[in-house]
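**Q** Could you build all of it, start to finish, from the sequences and the hints given here?
Protein chains in written order, with my numbering: chain A, 1 to 261; chain B, 1 to 455; chain C, 1 to 398.
Accuracy of the hints is not assured; some may be wrong.
Stretches of chain C that chain B covers, calculated by requiring three or more beta carbons in the stretch to come under 8 Å of a beta carbon on chain B [stated by the list, open to error]: (1) 24-36; (2) 40-52; (3) 115-129; (4) 143-151; (5) 353-365.
Keep in mind that the hints were calculated from the coordinates and are not lab data. Each residue gets a CB set at the ideal place from its N, CA and C atoms; glycine is no exception.
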Amino acid sequence: MNTNVLPREQTKSKTSSRPVIELVGMSKWFGSFQVLKDIDLQVYEGERIVVCGPSGSGKSTMIRCINQLEVHQEGDVIINGEAFGNDVAKNDHIRREIGMVFQQFNLFPHLSVLENLTLAPIWVKEMPKHEAESLAMSLLERVRIPEQALKYPLQLSGGQQQRVAIARALCMNPQIMLFDEPTSALDPEMINEVLDVMIELADSGMTMIVVTHEMNFARRVADRVIFMDQGEIVEVAPPGPFFDNPRYDRTRLFLSQILHH
Amino acid sequence: MSDSTLVTTDDVDKALVFKPKDARPAPPSTVGVIGWMRNNLFSNVSNTLLTIVGAYIVYTFFSAVLNWAVFNAVWEAESRRECLDLVGRSGACWPGVAAWMENLIYGLYPKHQVWRINLGFLALIAWVIPLWLPRVKSKVAIGISAVLIYPFLASYFFMGGNKGLVWTLLIALGVTGFAWVWLTTLTEMRYGLPFTRFMAGMLGASGKPQEVQVKYGRFSMLFVFVIALVLVTQWELQEVQTRQWGGLFLTLVISGIGITFSLPAGIVLALGRRSNMPLIRILSTTFIELFRSVPLITILFMFNTMLPLFLPVGVEVNQLLRAIVAVCLFAAAYMAEVIRGGLQAIPKGQYEAADAMGLGYWQSTTLIIMPQALKIMIPTIVGNFIGLFKDTTLVSIIGLFDLLSMSRAVGEDSRWLGLFIEPFFFVTMIYFVFCFLMSQYSINLERKLAAGNQR
Amino acid sequence: MAISESTAIRSQSRLSSFLNNETVRSVFYQIVTLVCVVGLFWYLVTNTIENMSVRGMSAGLDFLNVSAGFGISFTLIPYREGDSYFRVFQVGIANTLLVAVIGIVFATAIGLFMGLARMSSNWLIRTIARWYVEVLRNTPLLLQIIAWYFGVFTLLPRPRDSLDWGGLFFLNNRGAYFPAPVPEAGFGVTLAALAIAIGGAIGLRYWARKRQEATGKHFPAISVGLATIVLLPLLVFMLSGRPLTWDMPGLQGFNFTGGLNVPPALGALVIALSIYTSCFIAEIVRSGIQSVSGGQTEAARALGVKPSWTMRLIILPQALRVIIPPLISQYLNLTKNSSLAIAIGFPDLVSVWMNTSLNQSGRAIPIVAMTMAFYCIVSLTVSFAMNQYNKRILLKER
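**A** See below:
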């Protein structure tokens, strides 16, 4: 990972004053167990948010509620002013602006890398095949593996598969990118190649919410770091104050545990 | 940029204490019985319609069956005519089944000899009880003895008649086996020692080296065997020909022999199919593929008509034996494929590790490979057993009086003329309960074994 | 002295290394096995020859040309009493294949339906489907066949009191009666229209796909194609003056004549086989679809792909890889299980050849051999084809 570049300054020029993502009093229960408690959050365009916390804190659940892979029971999830509701078609329409990268990659193993990328543009956006393919190739170049286009997912290494997954999400030109522990399933030597792609994506101005344990990445890229514990947001701060001077005892305990090695 | 994130004494009074919110109960419409029903039964219009249709189907089916079998049924009557006079065809006539119960279970076995069948099966249960008792360590040996040695004992219980020298010795072996099982169980539970070691101690050999102790142990077993032999020669049971075996008893005998034969035979065939020796591989593969490609009924017919031809002129082969041979070979072929699947699922590393330890083929197979293969395939093996139990119904087609044939005989009795549905229903229930319980047991077993693999 | 000792030791170890040599042992075991097997065969064959000469049996195939001399209650292909034994063999095979094909079609349809029911979001439907599978799986097939035959079909009324639907379909204890279509002159045009429609539908799919690649616009080729296959021949049929008459079943005296007759034994056998096999197919379908990890659906949803397309493009191709091999195995099982027809008197191959013909002609060995050969050929051919399919569709891995 490139550590020579100075950490990003906090120059926030908001193109619009309305948040792209708004969580208002959102609560979610699994059965009778409350896993998210009254989450309030605003994310503005171009912001990079890193979410961290111990396992079971609800960070994955929260990010999956943002694109309704999990359905919340109370409160609102509002994307660009439109709230998710009971209308399935409307929900699909809202979801188009959000791309997601999973911990387990979830590439389609029976399709080639190129076909993985072009499937959604062709079938959802009705793009002609050659246009979709050139879009896919340009994105494969952006994630630096254009030569793997005709291979199949199971023939690639973990790091390559995750980069393909990022490119696949980008093919739909989303406004927001969600990352659910993108490097947790990777061998250590492959983590950096994926983080480099994510840094380049961040530098290009993409609105990103990343759930991760990679604290160096947070320092480098994040505008705000969110710490969650037991279903609540405990602390939100820019990376400098967050890592150097956390305000809450919980946050300090967590940081001491993960930054120790 | 400070890298220190340890909590220092300076920081402690600056840290704010986080007060977590209390968990609230979930919205009532999403949990509890109401919530469950909303989600699973009535979540939308089409789901509600499905629930109504489903409820209607369940209601009509159960009310029809229960009305016939329970509410309108006749429980006491002397003949079918009486039943028909009482309820006509709208209710079941159970007295017929009750009257024929002994035949359904024991076939045409002489009524006053039926206690032998009961005793024989009781002996089997008593033989395997130690498998569930704590502190018994010889469980594997007890299990294997139940499979290999119990049949000798049971054979005399069921057949009786004149015993030649060989049979006498085998029956004595059976009695000895039974005695050994319980002696070992008792000594292990009480003293933690198998019977042979215990006797070695009793005879004053506890201080002596291993070989001497073993000799003393074997001597005690020989002593038990001699006692058994003396008892067996005095023991006389009336002969009951296999022609008179029938009903559930016959079904259990055929399935039991089939199951006990198919597992070891299947193991041998599976190993043969994977062998490096071309001739053995070809022979095993041909046998397995041949017996798996054809229906069981054709094999039953084949052995029924052709086994007498294969044996020397004049040798009489009783019909039960022909059916048993057919069933055993058929089951062995299917079991072989199941075990081969298990052998293939074992990572190559296991074979290599066994080789690296210097174990020969048979040692590595019996100690390392086969136990793992069997453990992986236990659910499928039990499934095969269940299938075999169901397949024994086919012997009714070649004229053996198994449970199915017996149920048809009820309706041909003049007192219960035409009573076919009730015995048939009863027999179906027996099969269903047996097979369902066996499959539930296998699911349980799978879960228990899998738990051993979870961290 | 030391030298002769070591020579002795060396020659001894050379002998034991010879005996322990793997190749030597392998050859030895194989020779022993060969001797045993050949010996066993020799024993069986000599006994058989002796037994046969004692009983006056012969093993030749010459009996195939002899007239069989018995009637068969149901034949798919034409058969008259007095036809040769070989004809009987053909009739048996045709009947078995008929039962197998119809059974496979019904079993797949029902099994697919019940498999989807097993995964329904509605608890009641899911539970009903689960018990459907449990009950059918744990009851012997022979009992089910007998139940359908004796339970249902003998409860049906006499021909005089048949259940009838609109004077067209009849159900009684002699079976089910349908009107039989009798094509007249000019029907060939309708058949030609059907062939054209099928070709057209295939061509339409091809054209739609090319169009989608070029312009991105989606065309519902499958639905339109299916509609054409149904509607075009129908239209041509109407326009060409409906060249089809129906041979109606009608009650004459005590019985029905005319029309198509499905005898109770055939009906019961097909229904029992279909329903029994459908429970296994339901489980195969369910586990196949569940074997595709949930993450696949999530990724597709996150990309905005519609649920119906997710199923078609992503879930189904992966599920089919897992479903097809055991499905084919169930089809083979159904074909083999059709031999239980003998229990209810339907003349399939085993019943008419291995039972009746064997008893009439006494030619046990050729008859048994021919029956086994039929089933072996069917099983092994299908297994071989299945292996080829499996090899081709393996997911490409490192």
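**Q** All the hints need checking, so say for each whether the structure fits it.
**A** To see whether the hints hold, each was checked on the structure:
| no. | hint | in the structure |
| --- | --- | --- |
| 1 | 24-36 | holds (count 5) |
| 2 | 40-52 | holds (count 6) |
| 3 | 115-129 | holds (count 7) |
| 4 | 143-151 | holds (count 5) |
| 5 | 353-365 | holds (count 5) |
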